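**Student:** Based on the provided sequences and hints, a complete structural model is requested.
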Amino acid sequence: MTDKKTNNETPADKQQSAATTTSGKQGSASAKPQAPASESTPKKPEQNTQNAAEHTPSKPTEKSSGSKTGAIAIALVIALGAGLYYHGHQQTLAQNAKMAALQKEIAGLNTALQAAQQKTLEQVNSDLQRTEVSIEQQNKSITGLQMALSEMEGRRPNDWLLAEADYLVKMAGRKLWLEHDTASATVLLESADHRIAELNDPSLTPIRQAMHSDITALKAVARIDRDGLVMRLTSLQQQVAKLPLANAFLPEAEVVEQKEISGSIHDWKANLMTSLKNFGEHFVTYRKRDGNVTPLLTPQQDFYLQENIKSKLETAIKAVYREQGGLYTQSLTMAKEWAEQFYNLEDPAVQSFIATLDKLTKEPIEASYPSKLDSQPLITDAISERLRQQVKPLNTEETAA
Numbered sequence: 001m002t003d004k005k006t007n008n009e010t011p012a013d014k015q016q017s018a019a020t021t022t023s024g025k026q027g028s029a030s031a032k033p034q035a036p037a038s039e040s041t042p043k044k045p046e047q048n049t050q051n052a053a054e055h056t057p058s059k060p061t062e063k064s065s066g067s068k069t070g071a072i073a074i075a076l077v078i079a080l081g082a083g084l085y086y087h088g089h090q091q092t093l094a095q096n097a098k099m100a101a102l103q104k105e106i107a108g109l110n111t112a113l114q115a116a117q118q119k120t121l122e123q124v125n126s127d128l129q130r131t132e133v134s135i136e137q138q139n140k141s142i143t144g145l146q147m148a149l150s151e152m153e154g155r156r157p158n159d160w161l162l163a164e165a166d167y168l169v170k171m172a173g174r175k176l177w178l179e180h181d182t183a184s185a186t187v188l189l190e191s192a193d194h195r196i197a198e199l200n201d202p203s204l205t206p207i208r209q210a211m212h213s214d215i216t217a218l219k220a221v222a223r224i225d226r227d228g229l230v231m232r233l234t235s236l237q238q239q240v241a242k243l244p245l246a247n248a249f250l251p252e253a254e255v256v257e258q259k260e261i262s263g264s265i266h267d268w269k270a271n272l273m274t275s276l277k278n279f280g281e282h283f284v285t286y287r288k289r290d291g292n293v294t295p296l297l298t299p300q301q302d303f304y305l306q307e308n309i310k311s312k313l314e315t316a317i318k319a320v321y322r323e324q325g326g327l328y329t330q331s332l333t334m335a336k337e338w339a340e341q342f343y344n345l346e347d348p349a350v351q352s353f354i355a356t357l358d359k360l361t362k363e364p365i366e367a368s369y370p371s372k373l374d375s376q377p378l379i380t381d382a383i384s385e386r387l388r389q390q391v392k393p394l395n396t397e398e399t400a401a
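Each residue of the sequence shown is one higher than the last, beginning at 1 in full-length UniProt numbering.
FYI, nobody ran anything at the bench for these hints, they're computed from the structure.
Note that the coordinates shown come from a computational prediction; the quantities given were computed from them, not determined experimentally.
Do not rely on the hints blindly, as some may be mistaken.
As the list claims (entries may be wrong) - With a cut-off of at most 20 Å between alpha-carbon atoms, the simulated EDC-like pairs for lysine to aspartate or glutamate come out as follows:
(1) Lys175 with Asp227
(2) Lys318 with Asp181
(3) Lys175 with Asp225
(4) Lys242 with Glu314
To be verified - FRET-style restraints, in silico, Cβ to Cβ:
(5) Asp381 with Val230: 36 to 42 Å
(6) Lys98 with Glu122: 46 to 52 Å
(7) Gln330 with Ala222: 31 to 37 Å
(8) Gln138 with Ala116: 28 to 34 Å
(9) Lys242 with Trp160: 54 to 60 Å
(10) Ala222 with Pro348: 52 to 58 Å
(11) Glu190 with Glu346: 49 to 55 Å
(12) Lys242 with Lys318: 21 to 27 Å
(13) Thr131 with Ala222: 54 to 60 Å
Ideal placement from N, C-alpha and C gives every residue a C-beta, glycine not left out.
**Tutor:** Encoded structure:
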């Protein structure tokens, strides 16, 4: 253990021991001239003992200094290790935080990328749909232009008659379904039949047969003179203000038998009593009547009555155009009841008014109309077929050019 510690001596310790050795040598050297020659030989053991005594205390000092140096070195190593561990731990935490931030940023970037991809995909799909619609519209436009061009180039001299017949049939359908005017629709179909007959084309015979069937069906529909009905109802509205009101109605009074005076003079007392009684009854008359009494209407009530009857007649006029038979009959029935209740039934004007209402109530205002015209799709198909035969599809070279 001593050898190992000696080997660990520092350069300062070595210099200190060397200095001690040198000083010892110098001391001995200086001491030699002072000693007398006679004493030099016997004093050698004492000098050796002194030198040994000088060298002996340096060994514990070297051991203690080596222990301190080792402890300091160990402390430094421990402190250095702890510092390195703490520094490494802090770096690890920083790296973990940085990695978490990077992962979060990467996740955000992935989300943004997916959203951008989805938005781009939706935009591409929308653009694709618009492009497809545009292409479809362009194809339709091209087809229409081809048909128009073929119609202009290959039109037959009498094709305008077929187109005019198609127009007349369509107008007949509008008159029938929108206005319920069967008379005008029949005239239009007959005119269309004349146009097709002028073509003298046997291939159009099915169209003429269907057209005659439509004309027969229209003629079988009941004709309703709506304009005539409306005019008659309007005239009744104008007559309402001229109708006389009914007078106050009083039931008949009970008939009371009166005693007659006899011609016998012996009955003078009875005759006197009878005369006095008759005089008293005629002086103050009291009659008992059983039954309902109809009072006179005030001018305001008369005005309201007239307006109510006019309103019912106006409702009937609207029902004629709308073909609402139930509403039409109900309105005229109520107007008749009010006229019979409040107007003078003995007056000719009132009687004519009520009779006209009775007659109008029985007039039909509804009819069953055909749901379609058989000739319309046939003539439309014939025109389309003729145009289709004349249409030439575009060549591939022309399309590429």
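**Student:** Give a verdict on every hint.
**Tutor:** Hint check:
Pair hint Lys175 plus Asp227 holds up; C-alpha atoms about 16 Å apart against a cutoff of 20 Å. Simply put, Lys318 and Asp181 have alpha-carbon atoms about 17 Å apart, close enough for the 20 Å limit, and the pair holds. For the hint pairing Lys175 with Asp225, the CA-to-CA distance comes to about 15 Å; that is within 20 Å, so the pair holds. About 18 Å separates the Cα atoms of Lys242 and Glu314, which keeps this hinted pair within 20 Å; it holds.
Roughly 40 Å separates the CB atoms of Asp381 and Val230, a value that falls within the hinted 36 to 42 Å. Distance hint check for Lys98 and Glu122: the Cβ-Cβ separation is about 36 Å, which falls outside the suggested range of 46 to 52 Å. Distance hint check for Gln330 and Ala222: the Cβ-Cβ separation is about 21 Å, which falls outside the suggested range of 31 to 37 Å. In this structure the hint that Gln138 and Ala116 lie 28 to 34 Å apart at CB holds, the actual value being about 32 Å.
The hinted range of 54 to 60 Å is satisfied by Lys242 and Trp160, whose Cβ atoms lie roughly 58 Å apart. Between Ala222 and Pro348 the beta carbons are some 33 Å apart, a value that contradicts the proposed interval 52 to 58 Å. Between Glu190 and Glu346 the beta carbons are some 53 Å apart, a value that agrees with the proposed interval 49 to 55 Å. Under the hint 21 to 27 Å, the C-beta atoms of Lys242 and Lys318, about 24 Å apart, fit the expected range.
Range check, Thr131 to Ala222: Cβ separation about 56 Å, and the 54 to 60 Å hint holds.
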